[in-house]
Every structure is written in C-alpha cells, then in structure tokens.
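Asker: Chains A and B, in that order, give the protein sequences.
Mapping the first sequence onto full-length UniProt numbering, position 91 (from 1) lands on 91, and the numbers just tick up by one.
Mapping the second sequence onto full-length UniProt numbering, position 98 (from 1) lands on 98, and the numbers just tick up by one.
The list treats identical chains as one, so a pair stands whether inside a single copy or across any two.
DMTMM-like mimics (lysine to aspartate or glutamate), calculated; alpha carbons at most 25 Å apart, straight line:
(1) Lys109 <-> Glu207
(2) Lys90 <-> Glu207
(3) Lys37 <-> Glu47
(4) Lys122 <-> Glu176
(5) Lys90 <-> Asp103
(6) Lys107 <-> Glu12
(7) Lys26 <-> Glu47
(8) Lys89 <-> Glu60
(9) Lys34 <-> Asp45
(10) Lys107 <-> Glu13
Source of the hints: derived by calculation from the structure; they are not laboratory data.
All values derive from a computational prediction rather than experimental measurement.
2 protein chains.
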Amino acid sequence: MGDYMKVPHQIEERSFAIITEELGDKTFPEDIGKIIKRVIHTTADFEYADITIISPRAIESAQRAIQGGAHIVTDTQMAKAGINKAKLKKFGGEVRCFMADEDVAQKAKERGITRAMVSMEKAVEDSNNRIFVIGNAPTALFELKRLIEEGKAKPDLVVGVPVGFVGAAESKEALESLDVPYIVTRGRKGGSAVGAAIINAILYMME
Amino acid sequence: MGDYMKVPHQIEERSFAIITEELGDKTFPEDIGKIIKRVIHTTADFEYADITIISPRAIESAQRAIQGGAHIVTDTQMAKAGINKAKLKKFGGEVRCFMADEDVAQKAKERGITRAMVSMEKAVEDSNNRIFVIGNAPTALFELKRLIEEGKAKPDLVVGVPVGFVGAAESKEALESLDVPYIVTRGRKGGSAVGAAIINAILYMME
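Assemble the whole structure, with the sequences as input and the hints as a guide.
Answerer: What follows is the structure, encoded as structure tokens:
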C-alpha cells in the first residue's frame with residue numbers, strides 16, 4: 001500500500017482526477033459536474049453520468065435553503081448516516097428520518113400503507129423540512145408528489161433516487177413532472193448512498 | 001401507483017422475480033444466488049453477478065459465527081445503518097463501527113494514518129468481533145490483512161467491498177490472497193450498501 005493512501009484527502013483528489021479523465025468528452029457545468037462525479041465516486045458506476053438529471057436552479061435552491069437552516073428528510077437511516085451532518089449543522093440544519101418512529105409504524109399498520117408514506121406525511125408537518133432525499137422507497141416519492149400537488153409541501157429540493165425494480169423508475173418520472181427543484185437518477189439505479197453523495201456534493205460546494 | 005406497491009413484502013418478492021428472470025442463464029447455487037440477488041436488488045446493477053466472489057464455506061462460517069453471538073464490525077456508519085440489527089440481535093450479536101470514536105481519531109492523527117486503519121486495530125482487541133464489513137476504506141482492508149497475517153485477527157468472514165478508484169481493487173486482491181473466509185466484489189465497485197446487503201442476505205437465510 002503506497003504511503004499516499006494513508007491520507008484520505010489525497011485519495012479523494014486522485015479519485016476525482018481519475019473520474020474526470022475517464023469521463024473524457026463528457027463534460028458538465030461545474031456545479032453539475034461536482035454532483036455527478038461525487039455520485040460516480042460513491043458507486044464506481046459511470047452510468048450515473050447519463051442518468052443523473054438536475055432541474056434548473058435545483059442546486060441554487062437547495063443551497064439557499066441550507067443557508068437558511070433548512071432540515072433534510074431521508075427515507076432511510078442509511079442516507080441519514082451518509083450525509084455530512086457536521087457540515088449541515090454549521091448552517092443550523094439537521095437530518096431527519098422518521099422511518100423508525102413508533103407512531104409512523106403504528107399508523108402504517110392501521111392504514112395498510114408503507115411506513116415510508118407515513119414518514120412523508122409526518123415530515124411535511126414541519127415546514128422547515130425543506131429538502132427530501134428518497135433513496136429507497138418509491139412509495140415515499142409518490143406520497144411526496146401527492147402532498148406537493150395538494151399544496152401541503154413545497155420543497156426546495158427533492159432528491160429522488162430510489163433504487164429498484166418495482167416502481168422506482170416510475171416514481172422518478174412522476175417527480176420530473178412536478179414544478180419543484182429536483183435531482184433524479186432516471187431508471188432503476190440510485191440508492192441511499194447515491195442520495196447522500198448528492199447532498200454532500202451540494203454541501204461541499206458551499207465551503 | 002398500484003395498490004400492491006403499498007405492501008413492501010410483495011414489492012421485494014416481485015423485485016427478486018424480475019432479477020432472477022433477467023439473470024437468465026446465469027444461475028448460482030442457492031445460497032450464493034441469494035447474496036448476489038440481494039446485492040443486485042440494492043444497486044440495480046447486474047454487473048455484481050460477475051464480480052461478486054464468495055470463498056468456499058464463507059457463508060457457512062459466517063452463519064456459525066452469528067449463531068454463536070459474534071459481533072460485526074463495519075468501516076462506515078452507513079454500513080452499520082444498513083445491516084438488519086434486529087435480526088442479528090436475536091443471536092446475541094451487535095454491529096460496531098469505531099470510525100467516530102474519539103480515541104480512534106486521536107491515534108490516527110498522532111500516527112498520520114487513517115481512522116479506518118486505527119478502527120481495525122481497535123476492532124481486533126475484542127475476539128468476539130468476528131465478522132468484518134469493509135465498504136469504503138481500502139486502508140481498513142490492508143490493515144486487517146496485516147493483523148490477520150500477524151495472527152492478531154482470525155475472522156470468520158471478511159466482506160471486502162470497498163468502492164473506489166484508488167486502492168479498492170488492490171485491497172480486494174490482497175484479501176483474496178489470504179486464507180480466511182471472504183466475500184469480495186472484484187474491481188472498483190462495492191460500497192457500504194453492498195456490504196450491508198451481503199450481511200442481510202446471510203442473516204435472512206438463517207430464519
């Protein structure tokens with residue numbers, strides 16, 4: 001193992017240089033490139049360069065919200081674990097995941113729906129929960145769409161990156177049909193680590 | 001959104017059916033297939049069918065350790081968050097990640113090495129930490145290799161799936177050269193979510 005490998009900062013710099021090199025002719029506006037490269041850094045999967053779609057002003061909208069102390073809601077503990085909470089905290093925000101809450105489990109059971117859906121209902125009760133990261137449950141994204149359409153939520157960014165074979169792609173199409181700032185990974189790919197990487201890329205741009 | 005989508009159990013069954021179908025001629029022994037399909041379920045990336053390598057008796061070795069109450073050590077909070085801790089707890093084990101420990105940060109700084117390396121040294125101090133999941137840091141895997149070679153660790157399973165462009169592939173090759181039960185994803189791909197999926201597949205087989 002080379003000595004340089006013991007310095008995480010250098011490993012990351014070298015990784016991003018390799019990613020940029022291998023992307024070759026595929027270039028992006030600076031901010032968009034930072035997000036896409038961080039997702040590739042997290043997955044080693046260059047397909048994300050083609051499937052990651054960022055709506056106009058999504059990054060700006062998210063950064064303004066974070067500057068204002070907005071909280072971030074995730075649909076998994078993994079996405080919450082992956083987001084740089086120390087960086088977010090500097091602006092006053094925190095990361096919240098309601099999936100393991102007792103009242104969420106109870107309501108989901110009573111109503112025969114997913115905890116992910118109930119967790120979105122709970123999330124929109126606090127209007128300072130302004131950024132949503134859905135890395136797992138298409139039902140969370142469909143539910144958030146409903147809440148947005150009913151005027152119960154007006155997010156500053158929805159990171160819609162559920163991974164999977166049943167409903168994931170469709171839930172992202174549904175998100176893209178809405179008039180909200182969004183970032184999606186079209187098709188089946190995505191996941192909690194991808195969602196966290198997108199948020200971290202946005203946070204690191206704010207330094 | 002179809003009503004079936006509100007039942008997570010049915011979504012998962014349908015997802016695995018799609019994965020099996022799309023794998024086509026690629027079939028695996030039952031236990032190995034369960035691990036590979038769960039990784040694909042987590043990533044929507046069929047390349048894992050080709051790069052996931054499971055050493056002989058690795059699954060059996062891990063299950064015996066878990067039955068005996070072994071703990072699982074991860075190199076990220078994300079992998080820890082992703083592992084089904086309730087299932088593991090039934091056997092008496094818990095998931096441990098030392099990356100955020102104050103003493104680990106302190107020692108890493110003093111010695112100019114990564115926290116991931118120090119966290120492995122700390123992990124092997126308790127001989128009941130018998131399963132290791134490395135989803136992020138090649139340095140953790142290289143360090144674990146050293147500890148194994150020096151006789152300071154004798155794991156019942158090492159899940160070596162660091163993702164990345166600098167050292168990740170090499171660290172997995174190093175793991176494969178050892179005489180320990182291992183599961184790796186050859187090359188650059190992997191990650192905390194992949195590591196957690198592998199452990200969960202092993203846990204779900206034990207039901």
